Amino acid sequence: MNEMIVETTNLTKCYGAQKSVEALNIHVRRGRIYGLLGRNGAGKTTTMKMLLGLTKATAGEAKIFGKPIGTSEREILPHVGSLIESPGFYPNLTGTENLKIFAELRRIKKKDAIQNALELVGLPYRDKKLYAQYSLGMKQRLAIALAVMHNPDLLILDEPINGLDPIGIAEVRAFIRELCDAQGKTILISSHILPEIALLADDIGIIDKGRLLEEESLAALEEKNGKYIRFLVSDAAKAAQVLLQTFKTQNFKVENNHTLRLLDTTLPVAAINRCFVENGIDVSDAHVFEDTLEDYFKKVTGGVGIA
Amino acid sequence: MLRLIKCEFWKLKRKRFVQLVVAAAFLFPIPLTYLCMHWPTIQAHCSTQAEVFDMMWQSVLGYGIQLLLPCILGIVAALLFFSERDNDTFKSLRTVPVSSTALVLAKVAMLFLFSTIFCVASTLVSVGCGLVAFEVQGIGYKLWMSIKMGVYITAGTLPLVAIVVFFSKSYIFSILLCVFYSVLNDVGTFVMGALPKAIVYLLPVPLTTLWGATDMQQHMAIGDADDLRAFAGLVPSEATVILILTGMAVISVAIMALLYKRRGE
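Protein chains in written order, with the working numbering: chain C, 1 to 307; chain E, 308 to 572.
None of these hints come from the bench; they were simulated from the model. Note that the structure is a prediction, hence the values are computed from the model and not measured. What you were told as hints is all true, and nothing was included just to trick you.
Short derived list, chain C residues pointing at chain E, Cβ under 7 Å:
#	residue
1	52
2	54
3	73
4	77
5	82
6	84
7	88
8	90
9	92
10	93
11	101
12	104
13	105
14	106
Straight-line alpha carbon distances no greater than 25 Å define the calculated SDA-like cross-link-like pairs of lysine to any residue that follow:
#	chain 1	residue 1	chain 2	residue 2
15	E	398	C	39
16	C	56	E	568
17	E	398	C	65
18	E	322	C	124
19	E	313	C	78
20	E	398	C	162
Built from N, CA and C at the ideal position, the CB exists for glycine as well.
With these hints in hand, go ahead and build the complete structure from the sequences.
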């Protein structure tokens, strides 16, 4: 399951002197949802455009299904579904008619492919309403239907919940999760809405000013950012022994000679503190930390919040 | 390619200009029929009603296909080529994947189809009017000639389409450009005796007029047979016409594909 479906090596895109994406190395594993998280203008869309061959990389390489996109576009793209920026369709046609055009171009043989895709996103099949009369949420749903209609192995979705109402967001989130869990699709999703990524992604890449600052599984990030008690002590190894023997817990991490992170926050801090002192361990600080992913994002990007 | 052309047709659903193109085919035959019926000079010039019809049809060819068609093609081209830009659908097509060249070729094929529809409709309307008011002969030749003329004029109009795609401005600007191109071609036809051969051959209307008039002279009565003798040294063969227009079309399509590819990024 660790097969890389998307892998970039020092992927770079420059517009004139400005570097939009710089030496980006992302790794999207098969059957996982990868959340590319970053502020507006961080380089998420440019990265996705390069992955789809919509714009050429200035330097570096992007491989999809193990093949370079630059030279294997015709082999790769039929197995990829995508939604980049705002949806684009023909306003004089209905949703079904719009999908029919792309189904024809993609040579989709399955007769109910359009109907299934529309049902998946909650849009009516053969409705008389023209695309020009669609609300922003309906347009976004149609774009997602287009992305999944040909049953691709990889989905690249750029801010797919833009314009959706809260119920729509929950629905889209549920079927993206379903596509991954039940059908084994690999999904690369970008967003500047951190809670969405936190709710959906298995792996997260944090991008800022075109550079990938961190790439971790959500579990690893949560471990880094959950609630914990940090002890600054004279001897962290000795303190660890005390926790093992006296409090019968292994749920802690020794960060260095003087720092110990206790992840089990149900234990009594005062009792632990007293026990450390009784065992000749000086405690200079005991502090409860509760970082959210947003706090972590701020810390990593060295700035304000994400939105 | 056929799939792409089919999709180009689907994209035009509910757009009125397809009907307008067919309606435009009625623009000249009906008033010209009326004119030929009631203009004594024409009646005096022709010995039979078949000759009157031949003159009327030549006028339809001159005004409708050579003057109006470049304008119609320019407008249709703007609608077809701006469709991806206006609706932001190019990225969706590129990820199918559809190449810029294939997309441009499909749209150019649409232009040829439209011009064929227009030319056949023009001639059929003329024949209809002719059957009512005059005597009609050589329908097959007239249909074939109008199709060929339409195809040649379309090929010769592709440089204008390339300019429209290059500027990629508003529809009004594109329409003005088309009208200018049509007028330029017509002025070129009127003064072709005074122009260098290279210029005459680069303008599709003078080029096809010279070849067409000579070809028609062999098949039917033409009104300006004496005038034609004055251009004897200038008349191109059909092979020359095809060669020049194919060259113009290929270069124009290559430029359009390049522009499309660049803008796709």
